[in-house]
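Here is what each chain is made of, one letter per residue.
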Amino acid sequence: MIRLGIVGLGKMGLSHLAIARAHPEVELVAACDASGYLTDILSKHTGLKCYSDFERMLSTERLDALLVATPSKLHASMVAAALERGLHVFCEKPFVLDTADGERLCALAGAKGAVTQVGYHYRFVAAMQEAARIVASGALGRVHHVRAEAYGPVVLRQKGSTWRSSKNEGGGALYDYACHAIDLVNYVFAAPDAVSGVVRQGVFSRDVDDEIYCSLHYANGASGQLSVNWSDESFRKMSTKLSVWGTNGRLNVDRQECQLFLRESSVALPQAPAGWSIRYTTELTEEVWFYLRGEEYSAQIDYFVQSIKQGRKDGLNNFHSAILTDRVVSMILSQPQASSVAPAAGAGATSGGKSKWLKIFG
Amino acid sequence: MQMDRVLFGDNQFFGVNHMSEDKARAQQMRFQDLSAVIETLDAAHAEGIRTFMCTTHDRVAQICDHMRQNPERYADYQFYPCMPYAHKYANAVTEHGMVEALRRFLPEDGAVSAMLKGGAALARKDVAAIMQLLVDAEMKMFAGLRTPVIFMQNVIVDLLLGLGFKETFRIFHDHVREKYQAEPGYITMNLPLLLDVLEAQGIENPVVCANINKIGFRMCGGVQSYEQAIATRRFRPVAMSVLASGALSPREAVEYVCRQPQIESIVFGASSRANIRQTKQLIDELTAAA
Chain P
1 MIRLGIVGLG KMGLSHLAIA RAHPEVELVA ACDASGYLTD ILSKHTGLKC
51 YSDFERMLST ERLDALLVAT PSKLHASMVA AALERGLHVF CEKPFVLDTA
101 DGERLCALAG AKGAVTQVGY HYRFVAAMQE AARIVASGAL GRVHHVRAEA
151 YGPVVLRQKG STWRSSKNEG GGALYDYACH AIDLVNYVFA APDAVSGVVR
201 QGVFSRDVDD EIYCSLHYAN GASGQLSVNW SDESFRKMST KLSVWGTNGR
251 LNVDRQECQL FLRESSVALP QAPAGWSIRY TTELTEEVWF YLRGEEYSAQ
301 IDYFVQSIKQ GRKDGLNNFH SAILTDRVVS MILSQPQASS VAPAAGAGAT
351 SGGKSKWLKI FG
Chain D
1 MQMDRVLFGD NQFFGVNHMS EDKARAQQMR FQDLSAVIET LDAAHAEGIR
51 TFMCTTHDRV AQICDHMRQN PERYADYQFY PCMPYAHKYA NAVTEHGMVE
101 ALRRFLPEDG AVSAMLKGGA ALARKDVAAI MQLLVDAEMK MFAGLRTPVI
151 FMQNVIVDLL LGLGFKETFR IFHDHVREKY QAEPGYITMN LPLLLDVLEA
201 QGIENPVVCA NINKIGFRMC GGVQSYEQAI ATRRFRPVAM SVLASGALSP
251 REAVEYVCRQ PQIESIVFGA SSRANIRQTK QLIDELTAAA
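First to last, the protein sequences are chains P and D.
Counting with this note's numbering, you get residues 1 to 362 for the letters of the first sequence.
Counting with this note's numbering, you get residues 1 to 290 for the letters of the second sequence.
Hints listed in this document are in silico derivations from the structure and should not be mistaken for laboratory results.
For clarity, every value in this text was computed on a predicted model and none was experimentally measured.
Accuracy of the hints is not assured; some may be wrong.
As the list claims (entries may be wrong) - Simulated pairs of lysine-lysine, BS3-like, Cα-Cα distance not exceeding 25 Å:
id : chain 1 : residue 1 : chain 2 : residue 2
1  : D       : 166       : P       : 44
2  : P       : 11        : D       : 88
3  : P       : 11        : P       : 237
4  : P       : 112       : P       : 73
5  : P       : 73        : P       : 11
6  : P       : 11        : P       : 44
7  : P       : 49        : P       : 11
8  : P       : 309       : P       : 112
9  : D       : 179       : D       : 214
10 : D       : 23        : P       : 237
11 : P       : 237       : D       : 166
12 : P       : 241       : D       : 88
13 : P       : 241       : D       : 23
14 : P       : 11        : P       : 241
15 : P       : 49        : D       : 166
16 : D       : 166       : D       : 88
17 : D       : 88        : D       : 140
18 : D       : 280       : D       : 23
19 : D       : 23        : D       : 88
20 : D       : 23        : D       : 214
21 : D       : 179       : D       : 166
22 : P       : 313       : P       : 112
23 : P       : 11        : D       : 166
24 : D       : 280       : D       : 214
Could you put together the complete structure from these sequences and hints?
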């Protein structure tokens, strides 16, 4: 049994708690959260041992591993404290907000021999794994362009006062949504070497970005685009999509399906014919022991547990891989914003927009 | 209370498709107008399907209005509400935080918000009260309509199951029975595990809706353990995702379910009259043959 502690019982923390408690090889020893309301209910009704003081939980309980699901700005210090005590660590995404912190934690984890993992759950979506397998096979030829998109209905009006709407705490669509899209690019193709043309702006939020767009550049000449908007109500929930273009075809992948077009069939991928082949999540997904919101959430926890059992320190989503994602975020933040032209005020802008639409639709 | 053999599901109306986001979006466009939804419900009704098993999505309230306005036409019509529409909560939690989100979904009631603010000493009774109020809030849209079975949605069932919040199933059960004289139902992706917990809570012969399909799609514990549970345990199975979102041929899919005589009802969703008729006839035919 892996003796697991968990800190942070927000939406992700509760989801992890439910999944980990249902895992046959995990003993969920204790949880910690600043909200007495929640921990009172949990301890009273589910028998969970709860703490409000993180240090006290670490010093009192004998743990093998810690799951960190607190607001992002707290990750670095909590992960460090856990590693210092020799614990394996699963940390929610984004990993840390400062890549120097990330490097330090990586070194510390290495020195302590800890298993590490960050909660980029899309890498555990079967269709995404299939996409990574296809790109790695080389069947697409030389990959020259990649496009990552993430849209969803999170901030749909002006307001907001949780940590997700605070820039300094790791909020905004950049950390909440764009990180996933970036991490998928890194996973399925490769981490970009530079970014440019960065647009980050609020649609409804005052303090954080609701949409992020930028170009990605690779030393080998390949390029990419990132397009993220969490103020898009046309989506029922977060939707993440990746497209990859190569000299021999193209691939589109989202949570549900992996669509591949090959100009010519390839020995690298004998099962795929020339033309389109499509594989669906229903056939690709492996069963998990417990399902809450998607197989990937369970699969990543199980993977962490198996990594601990096997001593696997270079597994999927380890701290090193998460730093590569943090680094792209840093590049986006350090880029000057692409110049934008303020829209003309009043009716002129509206009628201009209208005539453009009329042109398109006749 | 006998459940109908065939129940009409609502995924197609709200852009839920487990195989394709493009299909989901196309359906969302098609069913943007309420009239298109009503037309499809009427088509199902004409095929003899008079039970609509639906999430408590905001748009269902409009469907309810329509049914209330035409009482004669829908004299035999009934709903199996599934609560809550979880994305409504999930998005609110992201936007407002947990406690504030909960507060927003509770009816305006000074005592309750005071209780949530207090926080410290929550007695057992208070969790029950919160749950009852949330159920009542979700049930408002069905006022005056028949709701003989009321389901707790799988995201909530499985969250509570994983957390170990076992008594909430009992609270839900008692409240649905007492206040609505309805049969409580539970939707889950973790059937064998849930049955153990419901049994331990003294909930006898519960209505449980789960994915039941030949390929084991989202059947945690595996096809075999599901088949065994269905064959040997005392509960009232409702099969959903029978077609595994289109991964199976309809005949093969329905045959698999009809071979298991304990399965009382099958819920499916479809958009066209032809598909509704085909699936309904297939279920009727294979049920009679079994």
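Has the given pair, residue 11 (chain P) with residue 241 (chain P), been kept, meaning a C-alpha gap of at most 25 Å? Within the cut-off at roughly 23 Å; holds.
Holds or violated: are the alpha carbons of residue 280 (chain D) and residue 214 (chain D) at most 25 Å from each other? Roughly 19 Å separates the two Cα atoms, so the pair holds.
Restraint check for residue 241 (chain P) with residue 23 (chain D), where alpha carbons must lie at most 25 Å apart: holds, 15 Å
Within a Cα-Cα threshold of 25 Å, do residue 280 (chain D) and residue 23 (chain D) meet the stated pairing? holds, 22 Å
Does the structure keep residue 179 (chain D) and residue 214 (chain D) at a Cα separation of 25 Å or less? Status violated; Cα separation ~38 Å.
Given hint residue 73 (chain P) paired with residue 112 (chain P) - CA-CA distance at most 25 Å: With a Cα-Cα distance of about 23 Å, the restraint between residue 112 (chain P) and residue 73 (chain P) holds, given a limit of 25 Å.
Is the hinted pair residue 11 (chain P) and residue 237 (chain P) satisfied, with a Cα-Cα distance of at most 25 Å? holds, 15 Å
Starting from residue 179 (chain D), check that the Cα of residue 166 (chain D) is at most 25 Å away, please. Roughly 21 Å between the alpha carbons, so the hint for residue 179 (chain D) and residue 166 (chain D) holds.
Residue 241 (chain P) and residue 88 (chain D): Cα distance at most 25 Å? Holds - the C-alpha atoms of residue 88 (chain D) and residue 241 (chain P) are around 23 Å apart, at most 25 Å.
With the threshold set at 25 Å, check whether the alpha-carbon distance from residue 23 (chain D) to residue 88 (chain D) stays at or below it. Given that 25 Å is the threshold and the Cα spacing comes to 22 Å, the pair holds.
Within 25 Å, alpha carbon to alpha carbon, are residue 166 (chain D) and residue 88 (chain D)? Roughly 23 Å separates the two Cα atoms, so the pair holds.
Hint consistency between residue 11 (chain P) and residue 166 (chain D) [alpha-carbon to alpha-carbon, up to 25 Å]: Since the Cα atoms of residue 11 (chain P) and residue 166 (chain D) sit roughly 19 Å apart, the hinted pair holds (cutoff 25 Å).
This entry does not satisfy hints 9, 11, going by the numbered hints stated previously.
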